[in-house]
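Take 1 as the starting number for the sequence shown in this note's numbering and just add one per residue.
Because the hints were derived from the structure by calculation, they are not lab data.
It should be emphasised that the depicted structure is a prediction, and the values quoted were computed from it without experimental measurement.
Here a beta-carbon is modelled for each residue, glycine too, at the ideal position from N, C-alpha and C.
Any given hint could turn out to be false.
[Stated by the list, open to error] What follows is a list of derived Cβ distance ranges for each label pair:
hint, residue 1, residue 2, range
1, 108, 24, 41 to 47 Å
2, 115, 136, 41 to 47 Å
3, 83, 109, 17 to 23 Å
4, 25, 127, 47 to 53 Å
5, 83, 36, 21 to 27 Å
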Amino acid sequence: MQTLRNFKRYKPDENSAVFKKFGPYTKLFLQDENGNDWYDAQKLFSSGTLKIAYIEENGLIKMAAMDADMLVPIGLSVTEVDAGILQTVDKDTLIEGEWMYRDGKIQPRIYSAEEHRKAAAMLKEEKQRQAENKIAPLARGAIGYGNGGRKNGAHTVGDLQCAT
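Build out the structure end to end from the sequences listed, making use of the hints.
This is the structure in structure tokens:
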């Protein structure tokens, strides 16, 4: 199984074979850390495998396709894995941020402590907004704002009631 790491943009020499072949059709050329051009490297992958593009530092899967030419791995690494994973995990689900490539296989994402803290803070903010949205109308009604300033059919101004 093939793995190519850390693709970055580059400009090939105008006399190079890859530029002569693809230059008229694209301005996007990618090269891995070993100098392999992405267009040339695609033929290194087997036809019956699933190709995934992932962030090298944390393994988070960002793209997945059976055909390597469907990937645009800018800033990503690309590897191929057994397509049998698609019997248990939907290809579209792989790229939703819940799966990672680690130790040579696809597995559920392992969140860092910082990611857990951020998720907890976002959940706390959402719950506070929900509580405020439920409490605010009740609070307005309790102080007379929810009923247009009327209490028992009379207008209220502070502690004064005016008959209508």
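If any of the earlier hints don't hold here, list their numbers in rising order.
2
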